[in-house]
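For the protein sequence lines, the chains are E and H, in the order given. Just so you know, we're using the working numbering here: the first sequence kicks off at 5 and counts up by one. Just so you know, we're using the working numbering here: the second sequence kicks off at 5 and counts up by one.
Bear in mind the hints are in silico, worked out from the structure with no lab data behind them. No residue lacks a Cβ here, since even glycine has one placed at the ideal position from N, Cα and C. Among the clues, some could well be false.
[Stated by the list, open to error] Reference excerpt, derived from the structure (chain H facing chain E, CB under 8 Å, subset only):
(1) Met51
(2) Tyr63
(3) Arg87
(4) Met107
[To be verified] Facing chain H, from chain E, some residues (calculated, C-beta under 10 Å):
(5) Ser175
(6) Tyr247
(7) Lys335
(8) Pro349
(9) Asn556
(10) Met562
(11) Asp576
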Amino acid sequence: MLQKDKRVLTGNEGIARGFYEAGGLIAASYPGSPTVEVIEKLKEYHEVYSEFSTNEKVALEVAIGGSFYGARSMAVMKHVGVNIASDPLMTFTQTPTNGGFLLVSGDDPGLASSQNEQDNRFFGKFANMGIFDPSNSQEAKDYTKLALEISEEFQAPMMLRITSRVCHSRSVVSIDERTELEPKGINRDKEKFCMVPPGSRKAQLFMKDRIEKLEDYGYEFHINELEEREGSDTLIITSGMVYQNLKEINPNASIWKLGLIYPISKKRAKEITSKYNRVIVIEEMMPFIENELKLMGIKCEGKEYFSYTGELDIKAIEAGLHKAGVLKQIKKYREELVETVPRAPLFCTGCPHRPVFDILKKSKAKTIVGDIGCYSMAFLFPFQQSNIIISMGASIGITKGIKKAMTKKGDKEPLVAVIGDGTFFHSGLPAIINLLHKKNEGENMTFIVLDNRTTAMTGGQPNASSGLYNEVDDMKVNIKELLEAMGFDRVKEINQYDYKATAKLFKEEIAYDGLSIIVANGPCALKYNMEEPYYYVDPSICINCRACIKTNCPPLRMKKYEGIEKLKSSIDKDMCVGCSVCAQVCPVNAIKSSKETDREDDKIDN
Amino acid sequence: MTTNIMLGGVGGQGLILMTKIICQAALEEGLDVKSNDVVGLSQRGGMVWGNVRIGKKVYSPNISPGDGDILVAMEPIEGLRWRGILKEDGIIILNTKKHFPTMVQQEKYEYPDEEVENLKKEFKVIDINAFDEAVAIGKKQVSNVILLGILAEFLNIKKETWKKVISNNVPQKTIELNLKAFNLGVEKAIKNK
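Hey, can you work out the whole structure from these sequences and the hints?
Structure below.
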């Protein structure tokens with residue numbers, strides 16, 4: 005027998021592979037950690053149509069469309085993406101699913117890279133979807149396939165709830181062939197798909213019936229597996245990565261591992277739990293499974309021992325089981341992270357956001373409303389140039405509200421908001437248009453659109469303006485022209501690498517007593533691979549004022565030079581990409597380009 | 005017996021590629037393997053980490069503090085930060101190339117040179133300026149493959165397997181340079197074993 009092809013895949017790659025093998029045809033997403041790589045991997049499979057859409061709502065709609073035409077379809081997003089997609093989601097799920105439909109929700113217990121820790125299992129239930137919860141990459145692949153099959157069988161939309169740890173961890177996966185499936189074509193039954201009464205009233209009953217059937221199916225579903233431990237009177241119920249961590253501890257208890265976590269078969273749950281004296285649920289974040297069991301009248305414990313926030317790693321599970329009395333003794337651990345110099349993230353070498361926030365720091369604007377993207381890092385030391393950050397695109401509407409409230413008090417202070425290009429297109433646009441409504445003179449607001457031509461934070465995916473700046477991307481929406489077409493009369497564009505011109509423009513616009521918009525247009529140094537001749541410091545000219553150091557560019561630091569008593573600035577030439585910002589902020593021209601030196605060297609050589 | 009390898013570094017150093025290569029090499033040898041990477045802000049110069057667990061059967065990708073066999077510190081401060089993950093007789097493969105964190109650059113902290121030196125009292129440390137060595141043989145990007153070469157000497161995976169997996173994971177025209185970097189690491193490890 006031929007040995008099966010095995011590969012080490014991340015959970016995200018497992019989902020992509022599963023979708024491919026299941027004959028999936030339409031997949032859409034908006035990039036967000038922890039699920040970015042699903043679509044990136046899918047791009048390798050030419051049989052599948054995949055895209056990064058403008059936002060998660062649009063991505064969901066594209067996937068819904070695919071499903072309506074009878075093609076297996078998938079929408080992929082981070083947990084908070086489901087919030088913006090929830091409007092079509094909550095109504096789409098009332099319709100009978102045609103082509104298998106899967107919503108992948110990347111949850112982030114511990115908030116590794118998110119603004120909140122919402123538990124989307126509740127969203128899945130709220131939207132009447134079945135929910136799968138994989139614990140490794142093999143399951144990520146298998147559950148993706150199973151979910152699409154069951155979705156078609158029960159005409160039910162499915163959610164694959166996956167946590168960031170499972171998304172990013174690698175494990176061994178067996179590879180199978182793809183099954184080709186023809187789309188079944190559209191179902192034109194208006195009653196079922198035009199979600200207005202009376203059809204939408206009937207849909208309520210249909211959804212209930214559908215979930216009940218799925219629950220019945222769950223009674224013997226092989227992915228809800230009971231591992232019995234001889235002689236134990238305790239049952240632990242768990243799912244996802246917690247299961248893998250629990251297996252490392254190997255406590256004296258039986259384990260009921262759930263793959264389908266909603267709906268849970270009440271009949272099966274009662275049968276299994278009735279055999280044990282104690283039932284303990286271990287799950288990350290909210291008590292979801294615990295609540296489901298309690299609603300069934302099953303006595304169980306859980307959140308009294310395990311935190312409702314953060315990941316439940318081996319240490320946390322051991323501590324909880326010890327508290328519960330299941331483990332008599334636990335190991336004493338060392339402190340994992342030893343106190344040392346912290347290393348916070350910072351703008352990359354050559355980043356176009358650096359001059360923007362260096363200028364804002366020196367400006368008269370005291371309140372800066374931030375948004376979601378690389379530039380969120382401006383809130384960190386040493387810039388500290390964001391006072392508020394909430395969610396994608398929220399800076400614009402919030403700024404307007406603050407300004408209107410300021411006007412009520414007669415507060416005339418300037419107000420600045422920053423928003424990236426990806427975020428601008430994602431969900432900034434409706435709020436931008438709303439700025440034109442009841443726009444008054446004397447209300448000083450400056451909006452800075454940071455157009456770095458890519459969705460940088462998640463690894464440089466294209467967005468609606470990227471096509472203007474490179475040949476591979478197809479959308480060419482010019483932000484300045486768009487704003488002017490909307491009717492904004494004060495829109496300025498600037499290349500922020502020209503520090504002096506940018507500082508002058510910011511000063512003028514922040515002083516202007518009305519609404520102005522600046523499009524700061526400089527390419528992401530990482531995505532567009534900036535590589536100009538490096539700069540260097542002449543320590544004999546440097547007056548150690550640290551103006552360059554304050555820009556926080558990674559290659560810069562104060563250094564001891566031989567024969568010079570005071571510390572002087574320096575640049576690591578192997579790291580410098582030659583953006584020139586440090587040279588421009590230097591008041592005494594102590595920082596020079598190596599290009600000029602090379603030229604001088606050439607002269608000497610010749 | 006499970007071997008637990010911890011990697012600590014700075015965003016942009018190529019740590020994720022390292023964990024990927026280690027995983028694939030282990031699978032090629034018919035072992036079970038799981039890994040973990042921290043991603044998200046990984047390219048922005050912040051602290052990043054990953055780990056790999058290799059054995060007959062591995063459940064969790066996570067290494068608990070005190071269970072680590074080898075720590076690959078791609079930057080000295082990250083070696084300090086992650087030393088708590090190691091067993092008492094753990095090994096540290098230390099890249100001495102410094103990346104100065106914001107707090108050092110802004111002169112709020114001194115670079116902890118003395119503490120780094122003290123690591124040698126507590127653990128077996130193999131140190132190398134992989135960055136300078138990489139620049140010397142051709143390209144700064146291969147510094148992590150030098151570290152992989154050192155690591156390979158401590159793992160029960162054939163050198164040929166490593167070379168095959170590395171070749172599969174780097175751009176075609178850099179294969180030769182990467183293998184040179186790998187060999188350099190292996191030799192360094194043999195000398196310091």
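Do the hints match the structure? See the list:
no.: 1; hint: Met51; result: holds (4 Å)
no.: 2; hint: Tyr63; result: holds (4 Å)
no.: 3; hint: Arg87; result: holds (6 Å)
no.: 4; hint: Met107; result: holds (6 Å)
no.: 5; hint: Ser175; result: holds (5 Å)
no.: 6; hint: Tyr247; result: holds (8 Å)
no.: 7; hint: Lys335; result: holds (8 Å)
no.: 8; hint: Pro349; result: holds (3 Å)
no.: 9; hint: Asn556; result: holds (6 Å)
no.: 10; hint: Met562; result: holds (6 Å)
no.: 11; hint: Asp576; result: holds (9 Å)
Consistency note: the structure conflicts with none of the earlier hints.
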